[in-house]
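With these hints in hand, go ahead and build the complete structure from the sequences.
Taken in sequence, the protein lines are chains Y and L.
Heads up: the first sequence runs through residues 2 to 257, numbered per our numbering.
Heads up: the second sequence runs through residues 2 to 257, numbered per our numbering.
No lab work stands behind these hints, which were simulated from the structure alone.
Among the hints, a few may not be true.
If chains are identical, the list can't say which one is meant, so a pair holds when it fits in one copy or spans any two.
Claimed, not checked - Pairs of lysine-lysine residues, derived as DSS-like cross-links and limited to a Cα-Cα distance of at most 25 Å, are as follows:
| hint | residue 1 | residue 2 |
| --- | --- | --- |
| 1 | Lys206 | Lys152 |
| 2 | Lys5 | Lys60 |
| 3 | Lys217 | Lys5 |
| 4 | Lys147 | Lys217 |
| 5 | Lys60 | Lys206 |
| 6 | Lys199 | Lys5 |
| 7 | Lys60 | Lys199 |
| 8 | Lys181 | Lys152 |
| 9 | Lys152 | Lys60 |
| 10 | Lys67 | Lys181 |
| 11 | Lys206 | Lys5 |
There are 2 protein chains.
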Amino acid sequence: MPEKPLILVTNDDGITAPGIRTLISVMNEIGEVVVLAPDSPQSGMGHAITLDSTIYCDKVTLEEGKQVEYRCSGTPADCVKMAISEVLDRRPDLVVSGINHGSNSSINVIYSGTMSAAIEAGIEGIPAIGFSLLDYSWNANFEPVKEDVRKIALNVLERGLPDGVVLNVNFPNLDDEPFKGIKICRQARANWVEEFDKRTNPQGKPYYWLTGKFVKMDNGEDTDVWALENGYVSVVPVHIDLTAHHFIQTLNSWEF
Amino acid sequence: MPEKPLILVTNDDGITAPGIRTLISVMNEIGEVVVLAPDSPQSGMGHAITLDSTIYCDKVTLEEGKQVEYRCSGTPADCVKMAISEVLDRRPDLVVSGINHGSNSSINVIYSGTMSAAIEAGIEGIPAIGFSLLDYSWNANFEPVKEDVRKIALNVLERGLPDGVVLNVNFPNLDDEPFKGIKICRQARANWVEEFDKRTNPQGKPYYWLTGKFVKMDNGEDTDVWALENGYVSVVPVHIDLTAHHFIQTLNSWEF
Chain Y
2 MPEKPLILVT NDDGITAPGI RTLISVMNEI GEVVVLAPDS PQSGMGHAIT
52 LDSTIYCDKV TLEEGKQVEY RCSGTPADCV KMAISEVLDR RPDLVVSGIN
102 HGSNSSINVI YSGTMSAAIE AGIEGIPAIG FSLLDYSWNA NFEPVKEDVR
152 KIALNVLERG LPDGVVLNVN FPNLDDEPFK GIKICRQARA NWVEEFDKRT
202 NPQGKPYYWL TGKFVKMDNG EDTDVWALEN GYVSVVPVHI DLTAHHFIQT
252 LNSWEF
Chain L
2 MPEKPLILVT NDDGITAPGI RTLISVMNEI GEVVVLAPDS PQSGMGHAIT
52 LDSTIYCDKV TLEEGKQVEY RCSGTPADCV KMAISEVLDR RPDLVVSGIN
102 HGSNSSINVI YSGTMSAAIE AGIEGIPAIG FSLLDYSWNA NFEPVKEDVR
152 KIALNVLERG LPDGVVLNVN FPNLDDEPFK GIKICRQARA NWVEEFDKRT
202 NPQGKPYYWL TGKFVKMDNG EDTDVWALEN GYVSVVPVHI DLTAHHFIQT
252 LNSWEF
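Structure representation (structure tokens):
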């Protein structure tokens, strides 16, 4: 582990969210911290990048602390790209994203702006972790997660991660109960069953709001959803190679 | 294969793009076609979904043909959700996305709106294919790809795909040369090295455009990039389980 590791902090709830402020305070104890995060909430942005419009990025001072901070008009993935190629004077030793207000377990990893920032760092070959707490409220209590955030970050700094692998860490919302421990998991098979809420605008034109219900389709006790439901912190290693290697042999037998 | 399969067609270049018009014409020969696609270009949208704003979806007639069409203000992933839960009266037998104007091979699969639509269908348990041609121009010649698009779609309709697996199909741009064949591949390891183009707006404030260079980091001859560079159509099976299963055992040995 470098003596004074350089840590990039970002998120998808926006730079003023209590979740990222907690993450900054924990990282300030570990290394040299640069924050480069979206200027507005970016939940559900998936791995979007900004191709058709301009991006602003300004140095700001939002609160006391050793960290240096930048506020960016781009997506979480843009923020990581901007930090690495424009703002930082050396490659960061670690990228951390979050702490997200709400779950990124299971299939949510695919829609998550928080995880897209971590995955972007993984694409760049930099160890990265996305952190999320299963509490959507702005005033969620992040105090109980600090110690495990610190431990997991220190582990990654010391041991590294394989090329193209990042960690997806979710904390259950247990109020004041202590976590039962940290559990290494696989991503649960699940989906969202959409319920579009159809309304009519003042001009008489129909429009929709996207809403949905989370449906677990997996009873395994080795999944992140199981761990979280049972009071554990879930850690899923996530990789950027989306190839379904197990299906290549079968596909080779198809006749085109 | 159902006698008259129901096929949902979408894309990320917008409903009027020549790529999707080609895809519609091929699918009209195979089954009953419903088009539900973005009303404007959505390239680089990744797996974004619309949580904080409203979505419009209107029935339209854009050209002659058997297809029924809807134009939607949402992202490609929104379009698939909207079609399945609001518009279609039964589950589609196949979802096809594209034909994208430009490559979605290698790491581009993660940024791709085209592939996010196919992946969204995979999450819903519906067989799906994303098609892309390595030609970014609006007036790209899609004529040479039609026969293989048809063959691959018919194969998927007949044989199905495993749960949570979709296909990422890319066509090289060979002008009038015939393709060398269809090759089943894995996703090449590569990334984009960003070069932010920094400018100053009329008010004197700096802003950026995101640009970049594609860097291949993989010399394997079993990758999609290799296949495309050598005149083959690449087919990569892509799955929605992002777990890095190979790293779970090592992670279990870490001490937290």
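*Is it within, between, both, or neither for Lys147 and Lys217, if the alpha carbons may be no more than 25 Å apart?*
neither (28 Å within a copy, 38 Å between copies)
*First find the shortest C-alpha distance between Lys199 and Lys5 inside one copy, then the shortest across copies, and answer within, between, both or neither for a cut-off of 25 Å.*
Classified as neither; 53 Å inside a copy, 30 Å across copies.
_Regarding Lys60 and Lys206, is the shortest C-alpha distance of 25 Å or less found within a copy, between copies, in both, or in neither?_
Between. Shortest inter-copy distance 12 Å satisfies the 25 Å Cα cut-off; intra-copy 42 Å does not.
*asked:* Cα distance capped at 25 Å. Does Lys217 pair with Lys5 within a copy, between copies, both, or neither?
replied: neither (42 Å within a copy, 32 Å between copies)
*Classify it for me, Lys60 with Lys199: is the Cα-Cα distance of at most 25 Å met within a copy, between copies, both or neither?*
Between copies, since 15 Å is at most 25 Å while 41 Å is not.
*asked:* At most 25 Å between CA atoms: does that hold for Lys206 and Lys152 within a copy, between copies, both, or neither?
replied: neither (53 Å within a copy, 41 Å between copies)
_One pair to classify: Lys206 and Lys5, alpha carbons no more than 25 Å apart. Within, between, both, or neither?_
The answer is neither: 57 Å in one copy and 33 Å across copies each exceed 25 Å.
*When no copy is specified for Lys5 and Lys60, does a C-alpha distance of 25 Å or less occur within a copy, between copies, both, or neither?*
Intra 22 Å, inter 58 Å, cutoff 25 Å: intra-copy only.
*asked:* Reference check for the pair Lys152 and Lys60, CA-CA at most 25 Å: within, between, both, or neither?
replied: neither (29 Å within a copy, 53 Å between copies)
*Since the copies are identical, ignore which copy is meant and state whether Lys181 and Lys152 lie within 25 Å (CA to CA) inside a copy, between copies, both or neither.*
Only inside one copy: Lys181 and Lys152 sit 15 Å apart there, 52 Å across copies, limit 25 Å.
_Homomeric proximity label, Lys67 with Lys181: Cα distance no greater than 25 Å_ = neither (33 Å within a copy, 58 Å between copies)
In the structure shown, a violation is registered for the earlier hints numbered 1, 3, 4, 6, 9, 10 and 11, in ascending order.
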